[in-house]
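Following the hints, put chain B with the ligand in place on chain A, whose structure we already have.
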Amino acid sequence: MRNRHRIVKRLIGLYAIGDLSPVERDVVSSHVKQCPLCRAELDRLQRVAEDLRSLRTEDRLSPTCKTHVLARIRQMKASIGQEQSAHLAGWWFLPLVQATAFVVVARLVEARMLARDIILPNVMHQLVTVAAAGMFLGFLGIAGALLCQNRAARRLVP
Amino acid sequence: MGIRDGEGMHPYNRATGGNTPGDSDESLLRSVATGSDFALAQLMDRYGERLFGFAVRLLGCPQDAEEVVSDTFVAAWRGAGKFRGECSVRAWLYSICRNLVTDRLRRRKNVSTCPLHHTVGDPSPASDPEHHAWTGWRREQVASCVRRLPSAARQTLVLRIYGDLTYEEIAQVCNCPVGTVRSRLNYAMTRLGELLDAENVDNCLEEDQL
Ligand SMILES: [Zn+2]
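For the record, the sequence lines run as chains A and B. Just so you know, our numbering puts 132 at position 131 of the first sequence, and the rest follows in order with no gaps. Just so you know, our numbering puts 126 at position 108 of the second sequence, and the rest follows in order with no gaps.
Please keep in mind that the hints were generated in silico from the structure rather than gathered at the bench. Predicted, not measured: the structure shown is a model, and the values here were computed from it. Ideal placement from N, C-alpha and C gives every residue a C-beta, glycine not left out. Please note that a few of the clues may not be correct.
Said to hold, decoys possible - Calculated pairs, DSBU-like style, for lysine-lysine (alpha carbon to alpha carbon, straight line, at most 35 Å):
id, chain 1, residue 1, chain 2, residue 2
1, B, LYS100, A, LYS67
2, B, LYS100, A, LYS78
3, A, LYS67, A, LYS78
Unchecked claim - Chain A stretches covered by chain B per the calculated footprint, using a threshold of three residues with CB under 8 Å from any CB of chain B:
id, region
4, 32 to 46
5, 57 to 69
6, 72 to 81
Bound conformation, chain B alone:
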């Protein structure tokens, strides 16, 4: 019997399952394994947004990404007892999320079947509407080019930029050596530059034809 029901605890601890907001990821996950909702909520506060950033960059659809994040935490709750600490908790969460994203993409087969437009708006709109529109358009272009990168390079780039994972953690999530992470990341950046340039050339040609 664990502390599943939190009997005999101080009222604050009963609500939090004995955890405090400053607890390490590992100790939170141990509490999740004993059934603490509070610990799971803490992990969601820490990684929910970043996992969402990761999922939305790969899936392109915020609704799908939110479902994946939600499934990730439900899976983490189920599997918390099996976590053996071979990697960091966040790398473990990203691995779960990555598997769910891959499943979803496989089912969808084609990324573009989902309404892709994760509304790309400027969070702090500039006073100049023309500048605002340009920034929005540019971001949409970047997001769409990221989705066109080869899968492995795309995942590596997104894990690094949006997940802030270390190279070692990315290697654990993607099941590859650290050297491969480096070369994939460099390739992803240079390829992204090429894709964006090609996109710009296409747009200029279209404007000329008009």
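So here's chain A without its partners, still in its complex pose:
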């Protein structure tokens, strides 16, 4: 009986919230029939369990919480986008460097060919010049766009 009493003490709280296996439940319910102390304790704990469950009905999260979270996330997404474009826009001078390098290399090759008396056919010569000019203008455009993005991003990111 005394031993049972000790075992039941370790289970009685779980019994009250309905968390025991059928075997353990039988152990507790047969003991409380004979032990007035445990019977009283179980009554008390069953009331406590009921009170605990009754608190659950009043936990209401305000409906604005969801909209608030979604708004925060949209804001975070936007600032991540700004950071990325600001990072990219910081390299606006790179296309300019590339374009200049291309023109310089093209001119050097041409000069070297002239020095070796290799005369390019006229059409080839014009082609190299047009390609160099086209590349230069294209890269200039990319650099300009990135520069503008850089300015805009700097305005938006505090």
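Quick look at chain B with the ligand alone, frame taken from chain A:
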């Protein structure tokens, strides 16, 4: 590139990021990782209220609890890509929430510095006003005794009763063996019974003195 912008999808799927309301928690979290707001909203519908119940029982202050729930979902959005499925999604959400609650309590140091009264009202007021008042008072008493339980026992009890978490999930959230969850839960219940009884005795004595 994921489906962050939802290009090339059916209009319904574009709005929902390809998710349907019946999707599993894991698949919703995967969509959250690719940037779907809809999936996050779904997870909030599923667990927002329960996380709030958990936070409010530990913090005692509904405003604080709401902030914690909101921070939990923002943290989940940030960390969704790191979820490796070692525990269930809801246990993972509760772990985040538990850490945020612990941080807040540490900063606050003392639970009672916050206006505790999460208005304990009867959601379906009985016609008898005396009964209504008594129920409200009793609930307030229970809520306050829960907050006075030792931290580990309190968290375990609240996770079980208000979070409906399994013992395994509670063990994952609290980083302890399942056996410890059982003994903490039994202790929390018996201690709560003692605290409530002591409270009642105190109240009776006060009434007698008046
Ligand atoms: Zn006994």
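Going down the list of hints, with the structure as the test:
1. Distance check on the hinted pair: LYS100 (chain B) and LYS67 (chain A) sit about 23 Å apart at the alpha-carbon level, within 35 Å; holds.
2. Distance check on the hinted pair: LYS100 (chain B) and LYS78 (chain A) sit about 18 Å apart at the alpha-carbon level, within 35 Å; holds.
3. This hinted pair checks out: LYS67 (chain A) and LYS78 (chain A) have alpha carbons roughly 17 Å apart, not beyond 35 Å.
4. Chain B is given as covering the region 32 to 46 of chain A, and this holds because 3 residues of the stretch bring a CB closer than 8 Å to a CB of that chain, at least three being needed.
5. A count of 10 residues in the region 57 to 69 of chain A with a Cβ less than 8 Å from any Cβ of chain B is obtained; the coverage claim is therefore met, three being the minimum.
6. With 5 residues having a Cβ less than 8 Å from any Cβ of chain B, the region 72 to 81 of chain A passes the three-residue criterion, so the hint holds.
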